[in-house]
Amino acid sequence: KAGVTQTPRYLIKTRGQQVTLSCSPISGHRSVSWYQQTPGQGLQFLFEYFSETQRNKGNFPGRFSGRQFSNSRSEMNVSTLELGDSALYLCASSRSGAAGNTIYFGEGSWLTVV
Amino acid sequence: GENVEQHPSTLSVQEGDSAVIKCTYSDSASNYFPWYKQELGKRPQLIIDIRSNVGEKKDQRIAVTLNKTAKHFSLHITETQPEDSAVYFCAASSNAGNMLTFGGGTRLMVKP
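Chains A and B supply the protein sequences, listed in that same order.
Counted the way the working numbering counts, the first sequence spans residues 618 to 731.
Counted the way the working numbering counts, the second sequence spans residues 1203 to 1314.
The following block holds chain A by itself, in its conformation from the complex (with noise of 0.2 Å):
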């Protein structure tokens, strides 16, 4: 069974450019959540869709935002990037949005911001 699958792994973008990152959960998982991780604040939540409804967010600026698809598929948008945007972002599925559901990460995506 294919895993988390993320695009693309790597990418660099000029400050003020927006970028779009892509997520493939593992077949059969509904929840898709969105971290970054960075040296300095570590791993931080961005935000959880569900049956294509956000249902959690974490405290990240209006220019970070996502959606999910019917098939489950997510992507996240940043805009107006700028350089401390710079971070490796890790998209994780699980099965349902009931609590305690095990959270599996795909590879992330490198995103550097020049």
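Some hints could be false.
Dumping the calculated DSS-like pairs for lysine-lysine here, alpha-carbon to alpha-carbon at most 30 Å [claimed, not checked]:
(1) B/K1273 to A/K674
(2) A/K674 to B/K1239
(3) B/K1244 to B/K1260
(4) A/K674 to B/K1270
(5) B/K1313 to B/K1259
(6) B/K1244 to A/K630
(7) B/K1260 to B/K1270
Here are a few chain A residues that sit away from chain B, every Cβ distance over 12 Å (derived from the structure) [to be verified]:
(8) Q623
(9) G633
(10) Q635
(11) V636
(12) V649
(13) Q658
(14) L663
(15) E699
(16) L705
(17) G717
(18) T719
(19) T729
Calculated directly from the structure, the hints in this document are not laboratory data.
Given the structure is predicted, the values throughout are model-derived calculations rather than measurements.
Glycine is no exception: its CB is placed at the ideal position from the N, C-alpha and C atoms.
Once you've looked at the hints, dock chain B against the given chain A.
The following block gives chain B in isolation, referenced to the frame of chain A:
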């Protein structure tokens, strides 16, 4: 919101020794506590998890204990091997979704 503290930030042990990493959490409603191992340049991988209705769980050389009263949980690795070297993250989840709050991570180095 939930806050998770993890100690130590770095841990160096000799091969064969045991390693213990401790985490405390703030939200008494937290009910799910996973541990992830992340090797350099790789994704976090779940190594063990525990739910609030259980006090201890073991999987071969890895064990996790949970003390709900004190709001802390610990990861125990016995007979450490060089391939155990990685960054380990604890996390807690307290709501109806799948939002994890992570500790700051522990870099474990196992010296051969």
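Hints, one by one, checked against the model:
This hinted pair checks out: B/K1273 and A/K674 have alpha carbons roughly 24 Å apart, not beyond 30 Å. The suggested pairing of A/K674 with B/K1239 holds, with an alpha-carbon distance near 24 Å, which does not exceed 30 Å. Between the alpha carbons of B/K1244 and B/K1260 the distance comes to roughly 25 Å, so the proposed pair stays at or under 30 Å and holds. At roughly 26 Å between alpha-carbon atoms, A/K674 and B/K1270 fall within 30 Å of each other, so this suggested pair holds.
The suggested pairing of B/K1313 with B/K1259 holds, with an alpha-carbon distance near 26 Å, which does not exceed 30 Å. Restraint check for B/K1244 and A/K630: the C-alpha separation of about 22 Å stays at or below 30 Å, so the hint holds. A hinted pair counts as satisfied when its Cα atoms are at most 30 Å apart, and B/K1260 with B/K1270 qualifies at roughly 18 Å. Not every CB of chain B lies more than 12 Å from the CB of A/Q623, the least distance being 9 Å, so the non-interface label is violated.
For A/G633, the requirement that its beta carbon stay farther than 12 Å from each beta carbon of chain B is met, with the minimum near 28 Å. Interface exclusion of A/Q635 from chain B stands, the closest Cβ pair being 25 Å apart, more than 12 Å. Listed as a non-interface residue, A/V636 keeps its Cβ farther than 12 Å from every Cβ of chain B; the least gap is roughly 19 Å. The Cβ of A/V649 sits about 9 Å from the closest Cβ of chain B, inside the 12 Å cut-off, so the non-interface label is violated.
With a least beta-carbon separation of about 9 Å from chain B, A/Q658 fails to lie farther than 12 Å from that chain, contradicting its non-interface assignment. Distance check for A/L663 against chain B: the nearest CB is about 10 Å away, which does not clear 12 Å, and the non-interface claim fails. With a cut of 12 Å on Cβ distances, A/E699 stays outside the contact zone with chain B, its closest approach being about 23 Å. The beta carbon of A/L705 sits about 9 Å from the closest Cβ of chain B, which is not more than 12 Å, so the claim that it is off the interface is violated.
At the 12 Å boundary, the C-beta of A/G717 falls inside the reach of chain B, the nearest C-beta of that chain being 4 Å off. A cut-off of 12 Å between C-beta atoms contradicts the statement that A/T719 is not in contact with chain B; the least separation is 6 Å. At the 12 Å boundary, the C-beta of A/T729 stays outside the reach of chain B, the nearest C-beta of that chain being 14 Å off.
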